[in-house]
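> Respectively, the protein sequence lines represent chains A and B. Start counting the first sequence at 1; every next residue gets the next number (this note's numbering). Start counting the second sequence at 1001; every next residue gets the next number (this note's numbering).
Careful, some of the hints might be misleading.
Unchecked claim - Computed Cβ-Cβ distance ranges for the label pairs, DEER-style:
#1 B:Trp1022 to A:Ser250: 38 to 48 Å
#2 B:Ala1059 to A:Asp166: 28 to 38 Å
#3 A:Glu105 to B:Gly1044: 48 to 58 Å
#4 B:Thr1077 to A:Asn413: 46 to 56 Å
#5 A:Gly235 to B:Val1066: 25 to 35 Å
What the hints assert, rightly or not - In silico contact screen, one side only, chain B against chain A (beta carbon under 7 Å); selected entries:
#6 Glu1054
#7 Ser1073
#8 Gly1081
#9 Leu1087
Keep in mind the hints are simulated off the structure, nothing from the lab. Backbone N, C-alpha and C define an ideal beta-carbon position, used for all residues, glycine too.
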Amino acid sequence: MTRAPELSDALKTLETVKLDRRAFLALGTAGAGSLLLHPGSARAADKIKTTARIVIAGAGAAGLSAASHLAQQLDGAKITLIDARKEHFYQPGFTLVAAGIKPQEYTVSSTAEYVPAGVELVTERIAEFDPEGNKVVTESGKAFAYDYLIVATGMKLDYAAIDGMDVEQIGKNGLGSIYHSPAGASATWQALSAFADKGGVGVFLRPATEMKCAGAPLKYTFITDDHLRRRGNRGKAEIIYNAHNKAFFSVPIVSEKVRMLFKDRGIKTQMDRVLKSIDLGKRIATFSTPEGTTELPYDFINIIPPMAAPDSVMNSPLPWKTGGWVAEGWLEVNKGTLRHARFPNVFGVGDIAGVPKGKTAASVKWQVPVAVDHLVADIAGKTSDSIYNGYTSCPLITRLGQAMLVEFDYENNLTPSFPGLIAPLEELWISWVMKTMALKPTYISMLRGRA
Amino acid sequence: MKDLDPLIFFAVFQEMLGPLLWILLVLVIGGTAAFLILLIKEKGIVAKRLVRAELVGLAGGVLALVLMAKVSSSGFTDAGGPADWFLIALVFGLGLIGTAILVYAAAGWKTLLSGQKS
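With the hints as extra help, turn the sequences into a complete structure.
This is the structure we're talking about:
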């Protein structure tokens, strides 16, 4: 019996996707994987000629990656990247900085070095999105009209939502917050190191909002446990992890594994606790619980603030109008195509996208080519059948020197890239090696549209 | 995936290894060439020299593991499963073979050159 050609093609596509992902992850182990990374730069002849004006709002991982992909595929398009910040932060490295593994500089570079040729970078903050008028307006009042808009603004860390919180105090008096900035991550390491010398009560938590890298709060709890053990002070310390709901991770099988690991490491857990306020002087954190509020004194705390869309997006017509994300302001996009539900010439990628799961660099890696494929198809007058299935990954550090390479999709399926070789729920050195050695070079290649 | 662009190969690896990449490349290419030319010149393998080179290679394997541990801010003592032992064996093996070839070639050329002089 011969296989239908459609089925054969579909299988071929699946095979390619799998190989591609494997190549993306294979870097750190054998290194040879990077040979496969290059998708083949479109030769000038293959490029689509157009005069379309494309505005990319935000020049972080998603914005830069989108700019690179567009520049590779289009000839003559006017592509404008708008972002006020000149520094680029390699955010997946913040945990390593706060763990004392890498210096602060490891995470900092400049946006300009990744902007592809032919793309204009405007270093201003966007004040207003006007999707009805097809333009964005910057703080200086300059309007940028567009035919297509890619929203990649990232998100806002809402420290102000925690009563009593002062980001200036990070690093002092047992206050840590790895998400704040490279300097914040470094200051957090100082605070953690001081705690690991003395012991006491370490308090860990996550916000009740959507958040970037939902594995990071767990990683940092495990890292703290390991530093205490290495200094012989684990017996003098109590570690408490406060989950915002009844799970540790949105993927049930991973959540269950984390529960077992926490038990193994003697980490206490409390469910349904959301940080409401903090007294930095007295070192008391106040959490809301289903029964009311409860106070928790601490010697070290890692604050992860609520996260939401930046004000310019929040106050625009772009966010979800119904459902659970209205208050947080995430962009109302189709979760498979990343195209806006109401404005078809608008796409949302990266942290700002209102899709389930994954606000990570790995999500960006797989979202951007899909969104760009649809945008380019529009320009070429074709249709694209590219679909993003929610794939994302999290090298979940469980101690210094080991991690679990957790990969999953929208449906909570585990999607291991190396089945049979790297078990997703096994604490492995090889996964740690990938995190520390391979991820950053791969990430940089992604910014340049080469991975 | 269709095209192999050496520039990107280097970009990614340079990011990962820094200046070490160049040193390693010079060693690998130069060492292999020296070894092959030596084989042709001597018309075969000198068994005694090979055994000695392999002994030094053992140290090279250990060195490769130490280097790997340093770069990854961890150690092979962190191994947690079969994939880790496979990686350790791979790194050790590459270190051993690489060092053995280099030492064999260096020793061979030293003999050859000093032999020519005398």
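> If a hint holds in the structure, say so; if it does not, say that too.
Evaluated hints:
1. B:Trp1022 to A:Ser250: 38 to 48 Å: For A:Ser250 against B:Trp1022, whose Cβ atoms are near 44 Å apart, the range 38 to 48 Å holds.
2. B:Ala1059 to A:Asp166: 28 to 38 Å: violated, 54 Å
3. A:Glu105 to B:Gly1044: 48 to 58 Å: holds, 52 Å
4. B:Thr1077 to A:Asn413: 46 to 56 Å: violated, 33 Å
5. A:Gly235 to B:Val1066: 25 to 35 Å: holds, 32 Å
6. Glu1054: Hint violated; B:Glu1054 Cβ to chain A Cβ min 24 Å, cut 7 Å.
7. Ser1073: It holds, given that the least Cβ distance between B:Ser1073 and chain A is near 5 Å, below 7 Å.
8. Gly1081: holds, 5 Å
9. Leu1087: Holds: closest Cβ of chain A sits about 5 Å from B:Leu1087, inside 7 Å.
Hints 2, 4 and 6, counting from the list given before, are not met by this structure.
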